[in-house]
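Protein sequence lines correspond, in order, to chains A and B.
No gaps in the numbering here: position 202 of the first sequence is 202 in my numbering, and each next residue is one more.
No gaps in the numbering here: position 175 of the second sequence is 175 in my numbering, and each next residue is one more.
Heads up, some of the hints might be wrong.
So the derived list for chain A, only partly shown, Cβ under 10 Å to chain B, looks like this [claimed, not checked]:
| hint | residue |
| --- | --- |
| 1 | 75 |
| 2 | 76 |
| 3 | 243 |
| 4 | 332 |
Pairs of lysine to aspartate or glutamate, DMTMM-like flavour, derived with a Cα cap of 20 Å [stated by the list, open to error]:
| hint | chain 1 | residue 1 | chain 2 | residue 2 |
| --- | --- | --- | --- | --- |
| 5 | A | 268 | A | 289 |
| 6 | A | 45 | B | 197 |
| 7 | A | 195 | A | 217 |
| 8 | A | 195 | B | 197 |
| 9 | A | 45 | B | 472 |
| 10 | A | 281 | A | 31 |
| 11 | A | 45 | B | 301 |
| 12 | A | 138 | A | 54 |
| 13 | A | 238 | B | 301 |
By construction, these hints were calculated from the structure, which means they are not laboratory data.
Note that beta-carbon positions come from the ideal geometry of N, C-alpha and C, so glycine has one too.
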Amino acid sequence: MKTSSPVFAGAAALALSVFALSTPASAQVADSITIYNAQHEGLTKEWVEAFTEETGIAVTVRNGSDLEFANQIVQEGANSPADVFLTENSPAMALVDGKGLFAPVDPATLEQVPEQFRPADGHWIGIAARSTVFAYDKTKLSEDKLPKSMLDLANPEWKGRWAASPSGADFQAIVGALLQLKGEEATADWLKGMKESFTAYRGNSTAMRAVNAGQTEGALIYHYYYFGDQAKTGENSKNVALHYFRNQDPGAFVSISGGGILASSKHKEQAQAFLKWVTGKGGQAVLRDGTSFEYAVGKGEASNKALVPLDELQAPKVEPSTLNNAKVTDMMTAAGLL
Amino acid sequence: MPAASSWTLTIAVAVAVVALLPLGFVLWATVVTGWETAALLIFRGRVGELMVNTILLIFFTIPICTVVAVSLAWLTERSDLPGARLWSWLAVAPLAVPAFVHSYAWIGTWPSLHGLFAGVAISVVAYFPFLYLPLAAAFRLLDPALEDQAASLGLAPFAVFRRVVLPQLRLALCGGMLLIGLHLLAEYGLFAMIRFDTFTTAIIDQFQSTYNGTAAHMLALVLVLCCFVLLGLEATLRGHRRYARLGPGVARQLKIIRLGKWKYPCLLLPLTVAAFSLGIPALTIGRWLIAGGSGIWRMDEVGLSLIQTLAICLIGGLATTAAAVPIAWLSVRRPTRATRFLEGCYYLASSMPGVVVALALVTVTVRVMLPLYQTVATIVLAYVVMFLPRALVSLRASIAQVPVELEQAAASLGRSPGNALWSTTVRLAAPGAAAGVALASLGIINELTATQMLAPNGTRTLAMAFFALTGEIDYAGAAPYALLMVIFSMPLIWLLHYQSKKIAGR
Numbered sequence: 001m002k003t004s005s006p007v008f009a010g011a012a013a014l015a016l017s018v019f020a021l022s023t024p025a026s027a028q029v030a031d032s033i034t035i036y037n038a039q040h041e042g043l044t045k046e047w048v049e050a051f052t053e054e055t056g057i058a059v060t061v062r063n064g065s066d067l068e069f070a071n072q073i074v075q076e077g078a079n080s081p082a083d084v085f086l087t088e089n090s091p092a093m094a095l096v097d098g099k100g101l102f103a104p105v106d107p108a109t110l111e112q113v114p115e116q117f118r119p120a121d122g123h124w125i126g127i128a129a130r131s132t133v134f135a136y137d138k139t140k141l142s143e144d145k146l147p148k149s150m151l152d153l154a155n156p157e158w159k160g161r162w163a164a165s166p167s168g169a170d171f172q173a174i175v176g177a178l179l180q181l182k183g184e185e186a187t188a189d190w191l192k193g194m195k196e197s198f199t200a201y202r203g204n205s206t207a208m209r210a211v212n213a214g215q216t217e218g219a220l221i222y223h224y225y226y227f228g229d230q231a232k233t234g235e236n237s238k239n240v241a242l243h244y245f246r247n248q249d250p251g252a253f254v255s256i257s258g259g260g261i262l263a264s265s266k267h268k269e270q271a272q273a274f275l276k277w278v279t280g281k282g283g284q285a286v287l288r289d290g291t292s293f294e295y296a297v298g299k300g301e302a303s304n305k306a307l308v309p310l311d312e313l314q315a316p317k318v319e320p321s322t323l324n325n326a327k328v329t330d331m332m333t334a335a336g337l338l
Numbered sequence: 001m002p003a004a005s006s007w008t009l010t011i012a013v014a015v016a017v018v019a020l021l022p023l024g025f026v027l028w029a030t031v032v033t034g035w036e037t038a039a040l041l042i043f044r045g046r047v048g049e050l051m052v053n054t055i056l057l058i059f060f061t062i063p064i065c066t067v068v069a070v071s072l073a074w075l076t077e078r079s080d081l082p083g084a085r086l087w088s089w090l091a092v093a094p095l096a097v098p099a100f101v102h103s104y105a106w107i108g109t110w111p112s113l114h115g116l117f118a119g120v121a122i123s124v125v126a127y128f129p130f131l132y133l134p135l136a137a138a139f140r141l142l143d144p145a146l147e148d149q150a151a152s153l154g155l156a157p158f159a160v161f162r163r164v165v166l167p168q169l170r171l172a173l174c175g176g177m178l179l180i181g182l183h184l185l186a187e188y189g190l191f192a193m194i195r196f197d198t199f200t201t202a203i204i205d206q207f208q209s210t211y212n213g214t215a216a217h218m219l220a221l222v223l224v225l226c227c228f229v230l231l232g233l234e235a236t237l238r239g240h241r242r243y244a245r246l247g248p249g250v251a252r253q254l255k256i257i258r259l260g261k262w263k264y265p266c267l268l269l270p271l272t273v274a275a276f277s278l279g280i281p282a283l284t285i286g287r288w289l290i291a292g293g294s295g296i297w298r299m300d301e302v303g304l305s306l307i308q309t310l311a312i313c314l315i316g317g318l319a320t321t322a323a324a325v326p327i328a329w330l331s332v333r334r335p336t337r338a339t340r341f342l343e344g345c346y347y348l349a350s351s352m353p354g355v356v357v358a359l360a361l362v363t364v365t366v367r368v369m370l371p372l373y374q375t376v377a378t379i380v381l382a383y384v385v386m387f388l389p390r391a392l393v394s395l396r397a398s399i400a401q402v403p404v405e406l407e408q409a410a411a412s413l414g415r416s417p418g419n420a421l422w423s424t425t426v427r428l429a430a431p432g433a434a435a436g437v438a439l440a441s442l443g444i445i446n447e448l449t450a451t452q453m454l455a456p457n458g459t460r461t462l463a464m465a466f467f468a469l470t471g472e473i474d475y476a477g478a479a480p481y482a483l484l485m486v487i488f489s490m491p492l493i494w495l496l497h498y499q500s501k502k503i504a505g506r
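Using the sequences and the hints, build the whole thing.
If you want it as structure tokens, here you go:
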């Protein structure tokens with residue numbers, strides 16, 4: 001037996017195919033952008049389909065979560081295949097911006113959104129907003145029994161009575177706001193109390209579903225899960241009502257979803273066009289008329305009529321560009337929540 | 001000819017090195033992290049909670065699986081249970097339902113299900129076939145003479161079972177238990193849906209908040225250590241005793257035990273198991289399909305997802321089998337200590353959970369091998385590492401059945417060596433290779449964790465789409481994906497069962 005050439009040929013073919021396959025699919029189309037999307041898949045899909053139809057620019061979407069992508073972009077550095085990054089919350093944006101990986105957003109695009117919904121440096125821009133709420137079981141809790149402040153939830157009287165999704169970027173953004181508003185010590189104490197008193201669910205919709213099913217009395221989530229379910233069948237929210245904390249409470253935090261263009265993008269022109277479109281009439285109309293129920297942030301753009309107007313929420317003033325998620329994850333890891 | 005062997009050996013070694021990458025990665029991560037930080041991240045309350053969860057899960061699931069699988073295997077192979085052949089198929093069929101689809105089905109039926117109880121219950125129905133398959137094969141291979149002798153020496157029937165039958169099942173038992181244990185450590189989707197936290201779910205949580213962070217790496221280290229504990233336990237329990245028939249002649253036909261008046265009560269067991277492991281998924285998927293109507297069959301999405309899944313299964317299956325060829329050939333034709341050691345490396349590598357394999361490949365491709373980052377090649381590589389033994393087992397068995405003399409005869413008739421190999425061994429081993437591709441594909445179609453972390457941009461497999469939709473509690477929208485995964489796994493399960501029967505000589 002002289003040779004095992006078929007064996008070798010097989011291996012060589014494998015090696016070849018490995019190289020043939022090593023070209024990312026997205027790189028093959030010149031006039032196309034790649035979005036790292038941490039927003040709800042449905043919302044981004046509505047945006048992307050309308051944008052492509054209007055501009056002819058093809059879009060490849062990779063879905064994931066806020067901080068997974070933010071840290072991924074940091075590790076990829078100059079080699080990131082992403083052109084645009086969309087999030088649900090600001091901390092992920094702050095993280096990428098802190099590493100200097102964003103290109104400035106076109107001034108004309110920035111002008112489409114009021115100052116309070118974008119960072120001062122103009123390196124990214126608010127694309128939508130969402131409000132923290134306490135979604136509660138209205139068959140069990142009357143209005144006078146609701147927590148006055150989000151901070152009350154860490155107290156013993158709430159032990160075993162509420163839920164949250166601590167592994168999600170949404171909840172971590174709320175903790176980030178708390179950290180900015182009340183400082184490190186108060187936040188650490190609150191997280192410690194929370195670990196004792198809450199039940200962990202994976203995902204905000206799952207937490208709301210648990211409230212509806214009577215498994216827990218309330219959940220600290222964002223507002224649109226309720227409206228989204230009501231607009232469908234309502235089967236996961238028929239016993240649920242929303243409590244807005246208001247009074248500039250940390251629990252009244254309004255979180256800004258962000259969009260940014262990577263400095264390493266090789267399709268900046270198309271990427272800028274996308275952000276301009278999303279924050280402009282077309283993109284904001286999707287928020288108003290679509291099924292996302294997130295708040296519109298464009299100047300003069302109305303949100304969906306079913307929502308409590310954004311300016312009635314008495315949200316605390318939080319600077320989105322300094323929300324520090326690395327600190328939040330560390331503190332949550334230390335508190336045993338992650 | 002030494003040159004040919006050494007070429008093959010070189011390739012086999014190269015594959016082993018790649019396969020061991022995840023282990024190397026965990027060691028590297030620990031060294032880079034430094035002992036102080038590592039200790040801080042490892043010796044903390046959360047890790048303790050996860051450890052308790054993991055131990056309890058394994059401690060309850062494996063014994064229950066064993067009792068179910070031994071009873072079912074005995075009933076279907078050794079007794080005159082009515083419809084034994086049908087029950088035997090139904091005991092393997094749950095493997096066609098991905099573990100996370102089992103979970104989806106159960107919480108669809110009992111929405112408040114969560115925690116350890118749910119984890120154990122769903123794990124049992126999802127994983128007992130891993131024990132049933134080898135046990136059923138082992139029961140078929142038993143030589144009745146041993147049992148007769150034990151009985152003639154005065155042992156009561158149950159004592160015969162305990163002292164003669166059980167020891168002969170030990171290899172099958174240990175192998176199956178190990179497989180289930182490793183699956184429990186690696187599973188994500190099943191436990192994520194019922195709010196039961198294990199190391200794997202915690203690593204994914206960390207990954208989703210920090211991508212490729214130190215805390216995730218340290219959890220991966222603990223997870224890998226858990227795998228080693230299981231591997232060590234199995235090696236100890238397996239022992240060194242071997243049972244084989246000596247002497248001339250063929251073993252007598254197995255005696256089928258008459259259940260008599262117990263016949264119908266005994267039917268309750270396979271009936272109950274099938275109801276939980278097949279009935280619940282079928283009912284839930286069916287119910288959501290009806291509730292969702294035609295609106296959930298968005299063919300642009302479902303169809304695309306299906307095509308992508310089938311493509312990635314085929315590429316992954318072919319690559320895995322191709323990667324297994326050198327070592328399969330060597331272990332049959334040139335069995336040495338070195339080839340046995342290499343084989344061991346493959347098995348060790350594939351026992352690493354998908355989440356660890358994915359973390360390792362993310363780290364390596366993003367830092368060192370950038371051209372491979374987020375490509376099909378990387379995810380195929382992960383599949384090769386995870387599913388190589390599946391292809392290896394099928395290939396080796398079929399190569400071993402081809403006498404080397406055929407090749408030599410072909411060569412002596414004037415064929416070139418390559419041609420001789422091609423026209424004899426390769427052709428005859430082709431069915432084994434095909435089985436290898438199929439079994440690796442079965443693993444890939446149900447894989448969620450590594451796929452999610454490594455999939456190229458724009459890729460969305462059935463498993464990924466299913467899991468994303470259930471995350472938004474769109475249970476109706478997820479049903480078509482579940483159905484397609486089950487439908488495409490079915491023929492592969494048939495192959496698995498058929499193969500195990502063939503190996504057992506029936």
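So which of those numbered hints doesn't the model satisfy? When the structure is compared with the hints, numbers 3, 5, 6, 10, 12, 13 turn out to be violated.
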